[in-house]
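Below are the chains, spelled out letter by letter.
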Amino acid sequence: MSGRSFVVTSGKGGVGKTTTTANLGCALAGLGHTVVVVDADIGLRNLDLVLGLEKRIVYDLVDVAEGRCQPRQALIKDKRVDGLFLLPAAQTKDKEAIDEGQMKTIVRWLAANFDVVLVDCPAGIEHGFRNAVAGADEAIVVTTPEVSAIRDADRILGMLGSRRARLIVNRVRPEMVKTGDMLSVDDVADILGREVLGTVPDDEEIIDTTNRGEPVALDKERRLAKTYATMARRMCGEAVELPSHEDGIWGRLRRLIGSKA
Amino acid sequence: MIEFITKFFRREEASKNLAKERLRLVLMSDRVSLAPDIFETMKVEMLDVIRRYLEVDERALEMRFENAERQFLLLANIPVRSVLPLPRKTTGAGQTAGRNTNGRANGSAISSGDASPPAASASADASAPAEGPHPLPAFGGSAPGPGDDLSSSKELRPAANDAAGSAAAAGPHQTAKLPATVKRRRRRRKKVDAPVVDTAAPSAFGDVAEGPRPPGGS
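Read top to bottom, the protein sequences are chains A and B. Mapping of the first sequence onto my numbering: residues 1 to 261, in sequence order. Mapping of the second sequence onto my numbering: residues 1 to 218, in sequence order.
No wet-lab data here; the hints were simulated from the structure. Note that the coordinates shown come from a computational prediction; the quantities given were computed from them, not determined experimentally. Just so it is clear, CB atoms sit at the ideal spot from N, CA and C, and this is done for glycine as well. A couple of the hints might just be wrong.
[Claimed, not checked] Pairwise CB distance ranges, derived in the manner of DEER restraints:
hint: 1; chain 1: B; residue 1: L74; chain 2: A; residue 2: D219; range: 17 to 27 Å
hint: 2; chain 1: B; residue 1: L74; chain 2: A; residue 2: E195; range: 54 to 64 Å
hint: 3; chain 1: B; residue 1: M46; chain 2: A; residue 2: R223; range: 24 to 34 Å
hint: 4; chain 1: B; residue 1: V26; chain 2: A; residue 2: E138; range: 24 to 34 Å
hint: 5; chain 1: B; residue 1: S15; chain 2: A; residue 2: G193; range: 37 to 47 Å
hint: 6; chain 1: A; residue 1: E238; chain 2: B; residue 2: V26; range: 52 to 62 Å
hint: 7; chain 1: A; residue 1: E96; chain 2: B; residue 2: E40; range: 43 to 53 Å
hint: 8; chain 1: A; residue 1: C236; chain 2: B; residue 2: F65; range: 35 to 45 Å
hint: 9; chain 1: B; residue 1: E45; chain 2: A; residue 2: K95; range: 35 to 45 Å
hint: 10; chain 1: B; residue 1: E45; chain 2: A; residue 2: L49; range: 29 to 39 Å
hint: 11; chain 1: A; residue 1: R80; chain 2: B; residue 2: M63; range: 54 to 64 Å
hint: 12; chain 1: A; residue 1: D99; chain 2: B; residue 2: E62; range: 16 to 26 Å
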């Protein structure tokens with residue numbers, strides 16, 4: 001087994017797991033890795049939509065689990081970037097259509113054939129969560145600087161066992177952090193006691209690009225593409241510094257004063 | 001820009017600090033509740049120690065975590081039935097005072113005072129919280145009473161039997177005037193929460209005389 005498998009999870013819904021998975025997948029592929037993103041949210045499939053691959057689904061995760069197709073047949077190749085594949089979730093009503101053992105087998109197989117496997121975990125801590133986590137060696141916990149998301153992240157971290165888990169702090173608003181009206185990334189890391197893989201500022205680009213089904217990480221010109229690329233490098237073990245999101249004249253001025261003092 | 005200036009001069013506590021503090025507390029309780037077996041073990045171990053000194057009503061025992069204003073609290077409500085007799089230097093009265101861990105426990109100690117000490121102890125009972133810790137000489141090894149039996153069996157269940165047994169063991173000097181005394185003490189304690197002054201003792205005796213079973217029939 002050569003590849004590494006990650007589960008992207010959060011506990012709370014709506015913090016940006018799927019968007020993060022899609023963009024990390026694109027960024028990793030952009031670095032030249034072969035990547036499979038797996039949508040484990042059975043019945044509420046969305047990763048295909050965020051990636052803009054919804055029209056190309058033939059087989060899904062449940063088909064693979066039940067042997068109706070070969071794993072390779074169910075994989076959808078992203079034509080915009082080399083090396084990115086999607087294994088879509090089933091849209092069946094039966095959330096229990098797959099079990100932990102089957103999931104483990106599938107993720108192991110994918111990890112043996114690709115460099116990186118990213119499993120997009122459903123919200124919650126039930127069956128779907130256990131499935132998504134089953135085959136993953138490491139975890140990426142997505143949270144936002146809000147009390148509810150942090151609390152749920154803490155619960156999830158307690159359920160990940162001995163897996164290495166790193167944080168992505170999503171939807172940070174630097175100007176609010178500056179005025180003390182929002183928890184900073186350091187605060188979140190401090191409260192949860194885990195290493196931060198990356199932070200993503202709250203940015204309109206995300207909404208715009210998701211509307212189009214073109215993940216922001218695909219377009220290297222975009223502000224956020226660099227952010228995701230940095231995270232992707234850090235996932236692969238590169239010692240890349242986290243970028244500062246203190247943009248604007250005030251942030252620059254503050255840093256200037258801070259560095260001189 | 002204007003917003004930045006107003007924010008800068010506004011001196012109310014930043015909501016981020018509130019969020020941090022609230023999270024710190026709630027996560028602590030979440031994490032504790034994630035390990036019920038550990039909590040249970042701690043409870044049993046704490047009880048093992050308490051049982052060396054006090055006879056407590058384990059069926060009515062409550063122990064839980066609570067988020068207070070700025071603290072995360074372990075609240076224990078442990079109804080005390082009596083203090084176990086000391087192995088030496090016993091004087092009889094004042095031995096069986098219901099000492100408690102906190103004010104809350106005080107109330108329930110009384111309501112479960114079925115195996116109560118004799119009248120004379122009422123005063124000691126009432127003034128105990130003011131006196132501070134009861135001067136308990138070190139027990140030479142193991143305490144008499146049910147504590148040791150229970151600690152070996154790591155279970156809270158057998159409280160009933162043992163409590164009854166130790167009640168008999170604890171008060172060989174008790175007289176038969178119990179019912180009246182108990183009643184009197186219950187009434188008194190409901191009214192007064194603060195430590196009662198020493199006059200409680202004579203009045204308790206007086207009460208016994210008026211009770212349903214007057215001693216000596218006077």
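Hints and how they fare:
1. L74(B) x D219(A): 17 to 27 Å: violated, 54 Å
2. L74(B) x E195(A): 54 to 64 Å: This hint is violated: roughly 31 Å between Cβ atoms.
3. M46(B) x R223(A): 24 to 34 Å: violated, 56 Å
4. V26(B) x E138(A): 24 to 34 Å: holds, 27 Å
5. S15(B) x G193(A): 37 to 47 Å: violated, 22 Å
6. E238(A) x V26(B): 52 to 62 Å: Roughly 36 Å apart at Cβ, these two residues miss the hinted range, so it is violated.
7. E96(A) x E40(B): 43 to 53 Å: violated, 32 Å
8. C236(A) x F65(B): 35 to 45 Å: With a Cβ separation near 41 Å, C236(A) and F65(B) satisfy 35 to 45 Å, so the hint holds.
9. E45(B) x K95(A): 35 to 45 Å: holds, 42 Å
10. E45(B) x L49(A): 29 to 39 Å: violated, 54 Å
11. R80(A) x M63(B): 54 to 64 Å: holds, 59 Å
12. D99(A) x E62(B): 16 to 26 Å: violated, 41 Å
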